[in-house]
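So the sequences go chain by chain: R and P.
Position 120, counted from 1, in the first sequence is what our numbering calls 120; the numbers after and before it change by one each time, with no gaps.
Each position in the second sequence, counted from 1, maps to that position plus 1000 in our numbering.
These aren't lab readings, by the way, just hints derived from the structure by calculation.
Check each hint, because a few of them may be wrong.
What the hints assert, rightly or not - Computed beta-carbon distance windows for the label pairs:
1. P:Gly1040 x R:Leu280: 42 to 50 Å
2. P:Ser1067 x R:Glu114: 55 to 63 Å
3. R:Phe9 x P:Asp1166: 55 to 63 Å
4. R:Ala74 x P:Arg1066: 46 to 54 Å
5. R:Val94 x P:Ser1039: 22 to 30 Å
6. P:Pro1089 x R:Ala5: 34 to 42 Å
7. P:Ser1039 x R:Glu114: 27 to 35 Å
8. P:Pro1089 x R:Leu81: 21 to 29 Å
9. P:Gly1040 x R:Phe9: 23 to 31 Å
10. R:Thr54 x P:Lys1131: 36 to 44 Å
11. P:Glu1344 x R:Ala5: 25 to 33 Å
12. R:Phe9 x P:Gly1105: 53 to 61 Å
Unchecked claim - Every beta carbon over 12 Å from chain P, so not counted as near; a handful from chain R, in silico:
13. Phe9
14. Leu18
15. Ala22
16. Leu81
17. Ala271
Stated by the list, open to error - Pairs of lysine-lysine residues, derived as BS3-like cross-links and limited to a Cα-Cα distance of at most 25 Å, are as follows:
18. P:Lys1129 x R:Lys92
19. P:Lys1178 x P:Lys1168
20. P:Lys1114 x P:Lys1178
21. R:Lys92 x R:Lys282
22. P:Lys1129 x R:Lys282
23. P:Lys1178 x P:Lys1064
24. P:Lys1129 x P:Lys1114
25. P:Lys1178 x R:Lys282
26. P:Lys1075 x P:Lys1129
The C-beta atom is built at its ideal place from N, Cα and C for all residues, glycine as well.
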Amino acid sequence: MRAQAKLGFILLLMPLLLWLTALIVIPHVDMFLISLRERVGVGEYATSTANYRTFLNEPLYLMTFARTAIMAVAATFITLLIAFPVSYYIAKMVKGRTQSALFLMCLVPFWVSELVRTFGWMILLRETGVFSSLLQWSGLVSGPVEMLYNDAAIMVGLVYTSMLFMVVPLVTTLESLDDSVIEAGYDLGGSGPSILREIIIPHATPGIVSGSIVVFMLSLGNYLTPTMLGGKDSLWFTELIYSQFIVRFNWELGAAFGFMLLILSSVIVWAMLRLTGQTLEKTMG
Amino acid sequence: MTPDLECVALTKRFDDATAVDNVDFAVPQGSFFSVLGPSGCGKTTIMRMIAGFLPPTSGDIRIKGRSMLNVPPNKRPVNMVFQHLALFPMMNIEDNIGYGLRRAGLPRADIARKVDGVLDRIGLPGVGKRKVHELSGGQKQRIAIARCMVLEPDVLLLDEPLGALDLKLREHMKIELKALQAAFDTTFVYITHDQSEALVMSDQIAVMNNGRFEQLGAARDLYYRPETAFVAGFVGDTNRWPAIVVRAEGDALQLRTDSGLTLHGASHGRALSAGDRADIYVRPEAIRVAHTGEELIHFDNRLSGQVTSILFNGAASRILFRDDEGRGEIEVTLPQSGEFAMLEKGARMHIGWSGAHGNCFAAGTGA
């Protein structure tokens, strides 16, 4: 009986294990090995840290790396600021049908592909687009305005793409907060801001952290949005990886970049968990 | 002297339903006041209006003579112990109790002193650093009360706080709550659907039904002199017979029940005359049991029959009794002397009670 149960457990675990090994572990090990070799001749390779040195010595790479990190953190923060009141409204202020309807409305944009959604932003923001035409029509500006191809456009796109992934964990944690706990806060003399600070946010911390981790990872690794909405001055680190692998055919450097991105996201997530006193088990469980 | 809490013509309507209908009451300083009623009777609505979470449709709420109508909940001198206590799980005990004091802007040292003081008073010194989930149900209960009492409110509201506890602890907490109320000398307003909680603890009880107060009085008055059929049926256990009045002489009535019994009852000042339909309410403990009919000769209601069932419950044991013609079952409390301890099912018995114990109300007014 015990042996059977064990076999069943292993069989059930198999897809996960296969997935993890085939798609996560093997590529990363391979990528790490590739990143450590240097081409010394035609078809000749030597083990070296040359690729990492190139990364560290080239200001464009470092700057893009830092910019991507800062922008992704900022996008996460802005997403949180917008998603929190939205989630609070969905979880606490409305009930029943309205609640599910609002929740569904957050989900609806995800029925179309990210490409189409991003293209939607281009229609709105481009020189001949809706916003530009509206501004000209209302007489606020005299000529066409280009709102695409800058950091603000990327930010808008990233926040928009990530919103749902912040709203879902926030609504879940906020719903688990008993209304009477909030009422007790008022009853004992608390005001709105103090209840938010001392009761609601501490309770929602696991949701905030898990939402932020997901949004941060999605933003950091996003390729489509920065490519379509960003301009020449708005390079995203994933674009560098792409160009090394596909355009330059320099897999060695591309692999090193990929590894740097992995380290970056791990360090920032770890720092975020430490800062908020959460653990991965607590936020993801 | 102004009462601590006074409600004047308090009314609350939701859309077309009236939850609280023109309720008046005053609670004197330092007393234990209970609102007792079945679920959905509007008692929680009253409490939420006093706490400030619901605005009344009309009427006034005064605390120490001051109207509370436009005072938000966080500015009222009232605190509430919630049904599920609503302790803050993200804080330790100390911070829970100190929350209101911090909001009031007291210096840290004062807060620490007051928190320690109140923990001593509730008999839980030294638990300040513990987490909420580390305490037992009864301890949490006391913490929830301490969290309110540390703010020295004029009135403490308690919304069925014993509902979530097991029976043994609930019995224990009843006594403890009463003791805490005496120790803090604060006005308690207690909401419950459990009559024994209300009867044991309260100085005054209001029995509520369908948004109205049916009767307001001390526990003993409600129990022995119910003014309405609802109170007679809701407070305590009772035998009830639908009947028709055959003869009325002053307070004393003679009635014929629908099952065919002829019984004596009392109207206690209520208007009932011959030919009226009425319900007779008799408490199980008002009925005497005896082995022979002679022992009961002084009672005007006498029946003989047999025991159909024994409901053993220690000191509160009862029997179900059926008379010889089989006209319905009557619940009778056994005397605690142990005289009938060995009673068997099917035994022949005589029962009797005085007509004064048969409270009669006009039919159709009961629960």
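Against the structure, the hints:
Distance hint check: the CB atoms of Gly1040 (chain P) and Leu280 (chain R) are about 46 Å apart, consistent with the given range 42 to 50 Å. A hinted range of 55 to 63 Å for the beta carbons of Ser1067 (chain P) and Glu114 (chain R) is consistent with their spacing of about 58 Å. In this structure the hint that Phe9 (chain R) and Asp1166 (chain P) lie 55 to 63 Å apart at CB is violated, the actual value being about 38 Å. For the hinted restraint 46 to 54 Å between Ala74 (chain R) and Arg1066 (chain P), the CB-CB distance of approximately 51 Å keeps it satisfied.
Distance hint for Val94 (chain R) and Ser1039 (chain P): a CB-CB separation of about 26 Å, consistent with the stated range 22 to 30 Å. For Pro1089 (chain P) and Ala5 (chain R), the hinted distance range of 34 to 42 Å is satisfied, since their beta carbons lie about 36 Å from each other. The given range of 27 to 35 Å is broken by Ser1039 (chain P) and Glu114 (chain R), whose C-beta atoms sit roughly 51 Å from each other. Between Pro1089 (chain P) and Leu81 (chain R) the CB atoms are about 25 Å apart, so this pair conforms to the stated range of 21 to 29 Å.
Checked against the hint of 23 to 31 Å, the C-beta distance between Gly1040 (chain P) and Phe9 (chain R) comes to roughly 50 Å, which is inconsistent with it. Between Thr54 (chain R) and Lys1131 (chain P) the beta carbon distance is about 52 Å. The supplied range of 36 to 44 Å is therefore violated. Here the CB-CB span from Glu1344 (chain P) to Ala5 (chain R) is close to 55 Å, at odds with the stated 25 to 33 Å. Distance hint check: the CB atoms of Phe9 (chain R) and Gly1105 (chain P) are about 57 Å apart, consistent with the given range 53 to 61 Å.
Even its closest Cβ contact with chain P, about 31 Å, leaves Phe9 (chain R) beyond 12 Å, as expected for a residue assigned away from the interface. Remark: the non-interface label on Leu18 (chain R) is consistent with the geometry, its nearest Cβ contact in chain P lying 40 Å away (cut-off 12 Å). Annotated as non-interface, Ala22 (chain R) keeps its C-beta farther than 12 Å from every C-beta of chain P; the closest such distance is 42 Å. Taking the minimum C-beta to C-beta distance to chain P, about 21 Å, the non-interface status of Leu81 (chain R) holds against the 12 Å cut.
Once the 12 Å rule is applied to beta carbons, Ala271 (chain R) is consistent with being away from chain P; the minimum gap is 23 Å. Restraint check for Lys1129 (chain P) and Lys92 (chain R): not satisfied, since their Cα atoms lie roughly 31 Å apart, outside the 25 Å limit. For the suggested pair Lys1178 (chain P) and Lys1168 (chain P), the alpha carbons sit about 16 Å apart, so the restraint of at most 25 Å is met. For the proposed pair Lys1114 (chain P) and Lys1178 (chain P), the alpha carbon gap of about 22 Å is at most 25 Å, so the pair holds.
Annotation: proposed proximity of Lys92 (chain R) to Lys282 (chain R) holds, straight-line Cα distance about 23 Å (limit 25 Å). The suggested pairing of Lys1129 (chain P) with Lys282 (chain R) holds, with an alpha-carbon distance near 22 Å, which does not exceed 25 Å. For a cut-off of 25 Å, the pair hint linking Lys1178 (chain P) to Lys1064 (chain P) stands: about 22 Å separates their Cα positions. With a CA separation close to 15 Å, the supplied pair Lys1129 (chain P) and Lys1114 (chain P) stays within the 25 Å bound.
The suggested pairing of Lys1178 (chain P) with Lys282 (chain R) is violated, with an alpha-carbon distance near 41 Å, which exceeds 25 Å. At most 25 Å may separate the alpha-carbon atoms for a hinted pair to count; Lys1075 (chain P) and Lys1129 (chain P) exceed this at roughly 28 Å.
In summary, the structure is inconsistent with hints 3, 7, 9, 10, 11, 18, 25, 26 from the numbered list given earlier, while agreeing with the others.
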